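*Asks:* Going line by line, the protein sequences match chains A and B.
Here my numbering is used: the first sequence runs in plain steps of one and ends on residue 164.
Here my numbering is used: the second sequence runs in plain steps of one and ends on residue 619.
Think of the hints as simulated: they come from the structure by calculation, not from any bench.
Quantities reported herein were computed from a predicted structural model and do not represent experimental measurements.
You may find that some hints are simply not true.
Stated by the list, open to error - One-sided excerpt, in silico: chain A residues whose CB lies under 7 Å from chain B: (1) 21; (2) 22; (3) 23; (4) 25; (5) 32; (6) 43; (7) 79; (8) 110; (9) 113; (10) 115; (11) 131; (12) 135; (13) 138; (14) 141.
To be verified - Negatives, chain B to chain A, calculated, CB over 10 Å: (15) 416; (16) 480; (17) 599.
C-beta atoms are modelled at their ideal positions from N, C-alpha and C, and glycine is treated no differently.
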Amino acid sequence: MAPSFSIDASTLDAQWKARAAQVHPDRFVNASPPEKRVAMQWSTQLNEAYRVLRDPLQRAKYLCELAGQDVTESASRTLGMAFLSQQMEWREALENLEAAHDEVGLAALLTQVEGDRARCQKQTSRLIEQQHWPDALKSLNEWMFIEKFVKEVQVVKRAQAATE
Amino acid sequence: MALLQISEPDASPIPHQRKVAVGIDLGTTHSLVAAVRHSVAEVLPDAQGRALMPSAVYYHSADEVVVGHDALAMQESKPLDTLVSIKRLMGKSRADALITGMPYHFEDMGNSVAIATENATVTPVKVAAQILLSLRKRAQETLGDDLVGAVITVPAYFDDAQRQATRDAARLAGLNVLRLLNEPTAAAIAYGLDNSSEGVYAVYDLGGGTFDLSLLRLTQGVFEVVATGGDTALGGDDFDAAIVQTICQQVGLDFSGQPQQQRHLLMAARRLREQLSANDQASVQTGLDGAFASISMTRVEFEVLASPLIKRSLSCAQRALDDAELSLAEVQGVVMVGGATRMPIVQQMVRQFFGREPLVNLNPDEVVAIGAALQANLLAGNRHPGEDWLLLDVTPLSLGLETMGGLVETIIPRNSTIPVARGQEFTTYRDGQTALAIHVVQGERDLVSECRSLARFELRGIPPMVAGAARIRVTFQVDADGLLNVSAQEQASGTQAEVTVKPSHGLTDEQITKMLQDSVAGADEDAKLRMLREEQVQASQLLESITAALAQDSNLLNADELLQIEAQMSNLQAQLETKSVEVLRAAVKTLSACTDDFAARRMDRSIRQALTGRSLNEI
Chain A
1 MAPSFSIDAS
11 TLDAQWKARA
21 AQVHPDRFVN
31 ASPPEKRVAM
41 QWSTQLNEAY
51 RVLRDPLQRA
61 KYLCELAGQD
71 VTESASRTLG
81 MAFLSQQMEW
91 REALENLEAA
101 HDEVGLAALL
111 TQVEGDRARC
121 QKQTSRLIEQ
131 QHWPDALKSL
141 NEWMFIEKFV
151 KEVQVVKRAQ
161 AATE
Chain B
1 MALLQISEPD
11 ASPIPHQRKV
21 AVGIDLGTTH
31 SLVAAVRHSV
41 AEVLPDAQGR
51 ALMPSAVYYH
61 SADEVVVGHD
71 ALAMQESKPL
81 DTLVSIKRLM
91 GKSRADALIT
101 GMPYHFEDMG
111 NSVAIATENA
121 TVTPVKVAAQ
131 ILLSLRKRAQ
141 ETLGDDLVGA
151 VITVPAYFDD
161 AQRQATRDAA
171 RLAGLNVLRL
181 LNEPTAAAIA
191 YGLDNSSEGV
201 YAVYDLGGGT
211 FDLSLLRLTQ
221 GVFEVVATGG
231 DTALGGDDFD
241 AAIVQTICQQ
251 VGLDFSGQPQ
261 QQRHLLMAAR
271 RLREQLSAND
281 QASVQTGLDG
291 AFASISMTRV
301 EFEVLASPLI
311 KRSLSCAQRA
321 LDDAELSLAE
331 VQGVVMVGGA
341 TRMPIVQQMV
351 RQFFGREPLV
361 NLNPDEVVAI
371 GAALQANLLA
381 GNRHPGEDWL
391 LLDVTPLSLG
401 LETMGGLVET
411 IIPRNSTIPV
421 ARGQEFTTYR
431 DGQTALAIHV
441 VQGERDLVSE
451 CRSLARFELR
461 GIPPMVAGAA
471 RIRVTFQVDA
481 DGLLNVSAQE
491 QASGTQAEVT
501 VKPSHGLTDE
511 QITKMLQDSV
521 AGADEDAKLR
531 MLREEQVQAS
541 QLLESITAAL
551 AQDSNLLNAD
561 ELLQIEAQMS
571 NLQAQLETKS
581 VEVLRAAVKT
591 LSACTDDFAA
601 RRMDRSIRQA
611 LTGRSLNEI
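With the rest of the complex left out, here is chain A (with noise of 0.2 Å):
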């Protein structure tokens, strides 16, 4: 598969299935000790490409790293002040939905991180395909901002269900 942000699910689940059994410590059972461990670092370092292309976010941090960019460094230095305020507003809501227990308002909240996260999917990805690496870093601290707070309202929303 060429290194690219939009890639085929389906190929690359088919891709990692055909390459683990080739790899896979069960298929070297009867091995000695170091082809045994040759055949789990092989296996290790497939599962590990797997987990890293399936997720978007991980897949766009990846190619972000493969272009020499540096990912972990700029985190903090390219957020805007929108940005910034709207993740406290967000956050405020968050607070005040839990305490409320308010169920329609928490799956309003995700319905719309969700679609910001979606849209801020969609830029970041386009701005890599275009090499714009500044804007495409920007986008994509971002991204991970909004992934984190995503995650955040799907575990009280589940939270909240499981004390109904």
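Given chain A, work out where chain B should sit, using these hints.
*Replies:* Same frame as chain A, now just chain B:
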């Protein structure tokens, strides 16, 4: 061990020689051994035709034991000395053991718990080894002598310590462990291959003492576990305990200090529970006098007791679904495994939860052993053309390290496909710090104190630097058995430390080696002669395979390496007729050691070729 024989991974090196491998389900209540014979996987019964062997052991003395039905018969008269449900103690410390509420007398033995009975004090590993040994003998009587190995099943939710303990027990029983296989995954193999299913399946496995829920995606011969959840302290035993507790409360009596009475009641409760699966009301004799001579209950009463326990299992199921980001509607089938799933209330609540009829067409007691036998046969290299599948399993619990303030830093999150390796960099917090204590934990909580402590070790010899300057990389590697290995390295100096996580609770390698040596020392002359012959066969095979490997790939070696290998080959050749197993074994070991790198290089080249020139770094 066929050293250096690189053949097609899917072909057995010696095609005409069938290799017998068995699957063993080491259960809380009972254990089974199964094997593929005449292309069909079947459970191997004992001489009386009984498939299930009670997981019970009674020690007449330290060396003289009875296992299975005969041991179980001792239970009512010797409740403190007849060891049952020992699986609940695998990989546990004395403190852990006390929490189980089991009636035995517990002691410390090294890092492990030991159980003191009237005739012997033994560790759970040793007791489990007796059960495995008994099954191994059964297999050898049925199949003949040449058993190449076994696949042993463990609950998917077993932690590292429990897995290590299981593998140690198998080693003590003289079994070559081909793989530790998760029980629900084994059941999925048995079901999947039977029905050639595709899609997402849930395996609901409620055994005597443990509960597992695994979600698998089946596609064209690949069994991919996407998430697993469970509770290693939830099983049929807990339903029995709930019955006893309720009945005692009704009468206002407490038997907690009287293990013999308690054991009678628990056994009666199990019979009562089994009868309630078929009847609306049941009554059983307990063998006690007075108010407890018999106990009775209606199914409705029982179901009130049972439903909180089943709800606990279903909340594990919900978490696994959340982890896998799957909805209930995406689950195409629910497979029921374990004797406890025979209870109608379990089936009813599982049906309600998943909104579909659970699959019960295979015997829930046997399905795990059958799946293990199929996998053992595959791993031994006996598969027929067209019969092939691949298992991709996951780690059940997150693995991490203790950081400042008793917090856990997760290194490998739960539900990662194995084998998996992940690293993290740490640094020193004091000027001139030369050592770093590393505490490995397993669990889902943020606080170290609430997780399972797996191991502690120290990286020493870090060159003195200012605080924060050292770069210490800690790497976790989980292998295909789900076992963890941790290494740490200071990046600048290369200082290294490594531990195979030999858990805080368990036997050390030295202890295992000593136990094995003791058993060899006690072997008779015939056995010693057989060991010598086996070693000779292995030595000849090693020489042959190295000769073949050199003919093919000697260009992977430099002149020095080649000379050294040739010298060790002639040394082994010269020792082939020796009468001493030790001398021959040493020569084999030396030759193996000096060809390790060669074998690794050949393997690496062969895999690169197999992946058709596509480097993993490229994709």
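*Asks:* Indicate, hint by hint, whether the structure satisfies it.
*Replies:* Taking the hints in turn, this is what the structure says about them:
{"no.": "1", "hint": "21", "in the structure": "5 Å, holds"}
{"no.": "2", "hint": "22", "in the structure": "5 Å, holds"}
{"no.": "3", "hint": "23", "in the structure": "6 Å, holds"}
{"no.": "4", "hint": "25", "in the structure": "4 Å, holds"}
{"no.": "5", "hint": "32", "in the structure": "4 Å, holds"}
{"no.": "6", "hint": "43", "in the structure": "5 Å, holds"}
{"no.": "7", "hint": "79", "in the structure": "25 Å, violated"}
{"no.": "8", "hint": "110", "in the structure": "14 Å, violated"}
{"no.": "9", "hint": "113", "in the structure": "16 Å, violated"}
{"no.": "10", "hint": "115", "in the structure": "18 Å, violated"}
{"no.": "11", "hint": "131", "in the structure": "19 Å, violated"}
{"no.": "12", "hint": "135", "in the structure": "26 Å, violated"}
{"no.": "13", "hint": "138", "in the structure": "26 Å, violated"}
{"no.": "14", "hint": "141", "in the structure": "21 Å, violated"}
{"no.": "15", "hint": "416", "in the structure": "7 Å, violated"}
{"no.": "16", "hint": "480", "in the structure": "4 Å, violated"}
{"no.": "17", "hint": "599", "in the structure": "4 Å, violated"}
Against the hints set out earlier in the document, violations occur for numbers 7, 8, 9, 10, 11, 12, 13, 14, 15, 16, 17.
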